[in-house]
Every structure is written in structure tokens, then in C-alpha cells.
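In the order they appear, the protein sequences are chains H and G. Letter 240 of the first sequence, counting from 1, is numbered 240 in this note's numbering, and no numbers are missing. Letter 66 of the second sequence, counting from 1, is numbered 66 in this note's numbering, and no numbers are missing.
Among the hints, a few may not be true.
[What the hints assert, rightly or not] To give a feel for the contact side, a few chain G residues facing chain H, derived at Cβ under 7 angstroms: (1) R11; (2) L12; (3) G16; (4) D31; (5) Y35.
[Claimed, not checked] Derived Cβ-Cβ restraints for the label pairs, each shown as a range: (6) H:E44 to G:R67: 50 to 60 angstroms; (7) G:P44 to H:P50: 47 to 57 angstroms; (8) G:A49 to H:G236: 49 to 59 angstroms; (9) G:L61 to H:R162: 26 to 36 angstroms; (10) G:L30 to H:G195: 40 to 50 angstroms; (11) G:I4 to H:A28: 43 to 53 angstroms; (12) G:I4 to H:E415: 38 to 48 angstroms; (13) G:V37 to H:P196: 22 to 32 angstroms.
[To be verified] Just a sample of chain H residues kept apart from chain G, beta carbon distances all over 12 angstroms, derived: (14) P199; (15) Y344; (16) A388.
Bear in mind the hints are in silico, worked out from the structure with no lab data behind them. Ideal Cβ positions, reconstructed from N, Cα and C, are used throughout, including at glycine.
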Amino acid sequence: MNRPVPPLRPDGHGAPPPGGPGDVRLLADWYATGRPATLADHLERHGPPPVTAADGSPPSVPLVEAVEAAGLTGRGGAGFPTARKLRAVAGRRRRAVVVVNAMESEPASRKDQFLLAVAPHLVLDGAVLAASAVGADTVHVCLPRDRPAQYRRMDAALDERRRARLDRVRLLAHALPHTYVSSESTALVHWLNGGPARPQGGPPGNRERGVDRRPTLVSNAETLAHLALIARHGPGWFRRLGTGDEPGTLLVTVAGAVADPGVLEAASGTPLATLLGRAGGPTEPLGAVLLGGFAGTWLRAEHLHTPLTRRDLAPLGAAPGAGVLVALPRSACALTETARLLGYLAAQSARQCGPCRLGLPAVAEDFTVLATGRADQVLLSRLRHRTALLPDRGACRHPDGAARLAASALDAFAEDVGHHLAHGPCPAARRPPRIPVPPATPPETWR
Amino acid sequence: MTRIRNLRVDRLACTGRGLCAELLPELIGLDEWGYPVLKDRTVPAHLRAHARRAVTACPRLALHLDRVRP
């Protein structure tokens, strides 16, 4: 099955394929019209968001129940049940706040940028509906500062809604410093409260004490768009696609050695190989895919038949993460690629917690020595030891993610590791790298 | 009635002074940079007094004994 995918253009312009693929919900309008949906387009197709509770009235219980019955989980990477999050925020005394996390700091991911470019009002509807469900009067939309065009478009979309007097809640767009960890939920909240966009850890968490010390729901942009459709069509409709355990569709960014890289929407449970096929298929024989993002997991090519669900990927130590799939050709040096990814992750540490500030660069350096063929058994066991000490020792999960990447590389490419130890660097190490990695430099600002 | 207590390190506050590992080596080790590694976060009853001492000794107030909700 070789389905077309929308081009990877965050500006949202470019002709979508005629007809479009079947498992499409969030991107349905884009496939139908080929242009970003204005508020008029959006209202014509979907009508206004079915907000039940007026501002000031008690939180809307039916929506939380619908979201729970639908089995919606967060699409930002962690996959937490959305209904549980809504309940935890709704059940408190003070008026709540909703934060839309549209930072998309994962360098390999484009899905939230794409979604916001083609269907901004679906995301904003979701935010407004979530606000009514938790009893919030304010929605903060967090965008990265280095995507000014995206910010302008969001501002225009918010203007459209204001002129149409569509929403009872206040919607505000913000441009935050863009670092790998500034998108972490406590970092967003800390920035909105006037501080640097660095993770704060807990307790108490955002749900209890977030923006202005109020209960705060932080949700990924895509998650809210799904919520907007569940509110309209119900949980039964949502469950018509996907698996019983993990219903619905998700946005996937397919990158690397495929003919037509881009963002596509697929039913949960679609095999990885099918996703690669929908992105034009591999341009050369693949050795592995990087799944989930830079803080994700390497999967060898023999696992490409695996369905994209947490349940099917868990035995392989992997997870869908933020829906990133990077195809790595067999001709590339996976260890060199991993060393570069780790170098970036180390540079992007918020440098707050010792284990991350010192441990991440040490792991990245050991990995570089390994990839360049200068390592011995002693260094390899030190690398394993240092990697094992990273998880669960930070205020956020950044070190955990880097450790997951390093450990999965040592595991998936064990043969290559042995080869590099015995024979030095492979010829591929001298060729240009295949995965684009932003410069491994520390962030300029956190505020 | 015995309540279960868990050790927790506030990673933002901790600067790796290492007193906790000296006072509670049964549960806390140090990494190569001197930052604590919890061997087990659950504090057994016979170590509770030692754990409390380690908590009060931390110059950064970074070590916590959390009451576990049943």
C-alpha cells in the first residue's frame, strides 16, 4: 500500500494528494481542500466547539467521561490517559488554567507544526473544550520563539476567534525560548510564571499548583485536536480506528531514507513498514529505524512488521513516543549517528541536576570514542555503567531519554560495537551523517 | 501501625556534598561525581532513625523522607 503523504512543509502550502488516504481525521480537511482551514472553513465543516458549561458554571463532566470512554492518551510522547489528567485538574478548588504545548522541541518531529499550520482551530477547539471540562478561564498557547511565522499564524487564528466572539475563555499565544527541555510541562509553567523555561520537577505538580499557582492542565496540541473531535463525534466513533487498547489515530513524522518524508496520520497499530511505505518507501536497504525521537529507541529492520502501539513495542523496549520514525540505511554507521544525537542531548541539558549536567556529556563522549573506533572493553563497561546511572535521577526525564537512546544503540547494534572495538572505525563513519542534528551548543537563553 | 517512608532527592537542590551517603550507606551510594544514587528508596523500619539523621544533615536540604500514601 503506497499512500501519498502531505509534504513536509510547516507553512501548510502545497498540493495534497487527490482523495487522500482513509485513516485520516485530524488531516481530513487538509486532504479535502489542500489549504489551511480558516475559521470560516472550520466552522462550516465542524460547527462551533460543543462547549456545554458556561464560564463560571461547574466543570463539564460528560466530556471527561467521553474522553475516558474513547481511551484517548497524550500524543506528546508519554501517552498518559487524558481523562485522568482532566480529572486531576478539574477536582480542585481554585479556577484552573489550560496550557497548549505546541513547542515540538523534538528535532525529528514535525507533526504539531504541521497540524497547527493546516488545522489550527481544531487544536484551539480542543483547548477551549478542555478548559470547559476542567473549569478554566484561560488558555495559554506555548510556541517556540524561533518559528515566528508559526506564531504569526497562531496570532491571526486567535484574532479570527476573537472577532467571531466564539470563545468564553481567554486565549493567549506565547513565544518561548526553544530548547530540547523547555517544552517539558513544568518548564512551560515556570516560564509562564515569569521564570526561566527550565524543568522544575515536583512535588507539587502542575495539576495541583501550576500557572499563577492554579491547577493547570498541560496538553500536547495533537491530543487536544483529538479531544475536539471526540466531543463532536463521541467515543464510539473514536474507537472505530486503532486497536482496542490504544484506539484512534495518531500523527507520525516519517524522516530519513524514505522517498517522500513527511507527516502522515495513521490508525494506531499500523505496522512500521506500512508507515515507511506510505512515506514513499525506503530509498535504500534499511538497517534500523529510530522510533519516538532523539530520546527514543533504535529498532533493527527485522522488527519493521511491528504495529505502532505501546503494547506491541514494549517487548522490544520501545514506544511510539511523539510518533517519530527515522529510517537509517544499512550503509550508515549507527554508532556515529547515535554519538551525534547524544552530543546534542547533552548540550541541551538544563544543567540543573548533577547527574544530567555531568553524566550526559560523559556518556556522549564515551559514545563518540566508541564510534570513532578508539574504545576498549574498559571504556565500554564504563559507558554501560554511566548509562545505567542516568535514569530517574533528574528533575525531568531528559537524562532518562538520553539513556534510553544510548542503551538501545548498544543493544540493537551489539555486532557493530564488537566490530568497532576489534577493527576501529567503519568506513561509513567517514561519510557525511544521515540524520540531521541541530548544533550541539548550549541554549542561548532560558527566558 | 507502621507507615512506609520513601527517600527522595531534590535533584535541583542537590550539589553532591555526599553527607547522605556517609550517614546512610545502606541505602545511598555516590556516583563518580559524588551525586547520590538511591539503592532502594523504601526505608526499612530499622534504618528509619538513620534516614532521618541523613535528611537533617543535608546542607542543601535536598534529601526528603516522604510518607507513602496507603
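Hint-by-hint comparison with the structure:
Of the supplied interface hints, the one on R11 of chain G holds, with its beta-carbon coming within about 4 angstroms of a beta-carbon of chain H, less than 7 angstroms. Satisfaction of the interface hint for L12 of chain G is found here, the shortest Cβ-Cβ separation to chain H being roughly 5 angstroms, below the 7 angstroms cut-off. With its C-beta approaching chain H no nearer than about 5 angstroms, G16 of chain G sits inside the 7 angstroms limit, and its interface hint holds. With a cut of 7 angstroms, the hint placing D31 of chain G at the interface with chain H holds, because the nearest CB-to-CB distance is about 5 angstroms.
The closest approach between the C-beta of Y35 of chain G and any C-beta of chain H is roughly 4 angstroms, which is under the 7 angstroms cut-off, so the hint is satisfied. In this structure, E44 of chain H and R67 of chain G meet the distance hint of 50 to 60 angstroms, their C-beta atoms being roughly 55 angstroms apart. At about 54 angstroms, the CB distance of P44 of chain G to P50 of chain H agrees with the hint of 47 to 57 angstroms. Roughly 57 angstroms separates the CB atoms of A49 of chain G and G236 of chain H, a value that falls within the hinted 49 to 59 angstroms.
The hinted window of 26 to 36 angstroms between L61 of chain G and R162 of chain H is violated, with their beta carbons roughly 47 angstroms apart. The supplied range of 40 to 50 angstroms is broken by L30 of chain G and G195 of chain H, whose beta-carbon atoms lie about 30 angstroms from each other. A hinted range of 43 to 53 angstroms for the beta carbons of I4 of chain G and A28 of chain H is consistent with their spacing of about 50 angstroms. Checking the proposed 38 to 48 angstroms range against I4 of chain G and E415 of chain H shows it holds: the Cβ atoms sit about 45 angstroms from each other.
With their beta carbons about 27 angstroms apart, V37 of chain G and P196 of chain H fall inside the hinted range of 22 to 32 angstroms. Against the 12 angstroms criterion, P199 of chain H falls within the reach of chain G, whose nearest CB is about 9 angstroms from its own CB. The Cβ of Y344 of chain H sits about 22 angstroms from the closest Cβ of chain G, beyond the 12 angstroms cut-off, so the non-interface label holds. Remark: the non-interface label on A388 of chain H conflicts with the geometry, its nearest Cβ contact in chain G lying 10 angstroms away (cut-off 12 angstroms).
Comparing the model with each earlier hint shows violations of hints 9, 10, 14, 16; every other hint is respected.
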